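Add chain B to chain A, keeping to what the hints say.
There are 2 protein chains.
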Amino acid sequence: MSDTLFFCPDIATLPQLPLQESQHCVKVLRMREGDPMTVTDGHGFFYECVLTEAHPKHCIVRIEHRTEMVKKRDFVLHIGFAPTKQMERNEWFVEKSVEIGIDWFTPLLSSYSERKELKKERLEKIAISAMKQSQQAFLPVIDKLTRFSDFVVRPFEGRKFIAHCHDLPKKRLAQTYRKKENALILIGPEGDFSEEEVGMAVANGFEPVSLGETRLRTETACLVAAHTIHVLNNQ
Amino acid sequence: MSDTLFFCPDIATLPQLPLQESQHCVKVLRMREGDPMTVTDGHGFFYECVLTEAHPKHCIVRIEHRTEMVKKRDFVLHIGFAPTKQMERNEWFVEKSVEIGIDWFTPLLSSYSERKELKKERLEKIAISAMKQSQQAFLPVIDKLTRFSDFVVRPFEGRKFIAHCHDLPKKRLAQTYRKKENALILIGPEGDFSEEEVGMAVANGFEPVSLGETRLRTETACLVAAHTIHVLNNQ
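These protein sequence lines are chains A and B, in that order. Throughout the first sequence, residue numbering follows my numbering, covering 3 to 237 in sequence. Throughout the second sequence, residue numbering follows my numbering, covering 3 to 237 in sequence.
Be a bit skeptical, because a hint or two may be false.
Copies of the same chain look alike in the list, so a pair counts if it fits in one copy or across any two.
What the hints assert, rightly or not - With a cut-off of at most 25 Å between alpha-carbon atoms, the simulated BS3-like pairs for lysine-lysine come out as follows:
#, residue 1, residue 2
1, K121, K59
2, K182, K172
3, K127, K74
4, K127, K59
5, K73, K172
6, K118, K87
7, K173, K73
8, K146, K121
9, K74, K173
10, K87, K127
Calculated directly from the structure, the hints in this document are not laboratory data. As the structure is a computational prediction, the values presented were derived from the model and not from experiment.
For reference, chain A alone in the conformation it holds in the complex (with noise of 0.2 Å):
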């Protein structure tokens, strides 16, 4: 595989790098017709390629391989989550899960959301390039902002959990999740969700937890809880 890994949703249809792919191909790596690539779909496929139309915008490929990434998990981990404030925190969650390795996000509107409006391409853009800097070729799926009451009503397979700071009873996340099962993981905004939403996830099947014992700001206690369940995984 070569250093720098493309991304390219749907090479297997079109061989042609999408317009960001393209201009750092050319301009930034400066790469000419001949030259070999390795690109991913982000759906676990790696195909090593040849440039064959080195143009600004639309680079030509051609496939010489494909090869698929054994997925190493045995575990979907999805993390539903009050976007903060500061956009760069968020980005940085996104960032460091990806990778870790992470499957689903859902950016969730609660009572005490501090932000309303979320532009979910950014992060999209930051999820793709931290999987091609980890050189995975998984790339999660982000939702687009949710209604907390309408998420928490949707199927999951596997446990579901909700983590707050109310002086409610809830157990340890590593004391109760059990290696392999699929997780799902609620965090809630600064002001933390409101008892009537904890409520209304208890109602829903999901479970009450506490992720460690200091006070985490909202995208640490994203990121704890993700790499929580995965060093249980690991053990």
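For chain B alone, kept in the frame of chain A given last:
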């Protein structure tokens, strides 16, 4: 405890807030004489105080009550890491690990270090801010930039690990570490530790470990290592 926590390392002997804390108190929060406030010394104590002189450069306080924060952790966590070129990546590792809980940082100068100099004052400022934000009373130690070869010969009471990506025998950190053990973990620069450095560490009692399945950036590896120790202790 008040919502805002102030930091004053020498409060036990001199009840005067440092310059920055005084500015924040008077100029930003507009606090006045007679206002109550909570101060920590970073050595494990909280002080309930009353502001007696609201000076923008050196606030004077009167201590009403002192309480000791019980350290909930029964293990020592020390991370030695080669700081990345982009300073903000080092800053976020310090911020996040202080929130989660850490005792000691040693920035290392290693063979392939891209960063050869480091102003540790900037990292200390971040650590203080993260300690206050997460309402803790313990400020971790931050060493000055230290040569790898000088550091690995230093004594440490506990398990010593070196994380690296070379194709050499190693264990998973999550599988070899045992609850309650003190842990010192070394994380290399963007270009990894050299094989010679790994050998030097092993000769000095460090155990080679891997952190997971994906290729992690330096600062992600630092946080992943620190948080792995927490998860295993929280089980």
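*What hint numbers does the structure not satisfy?*
none
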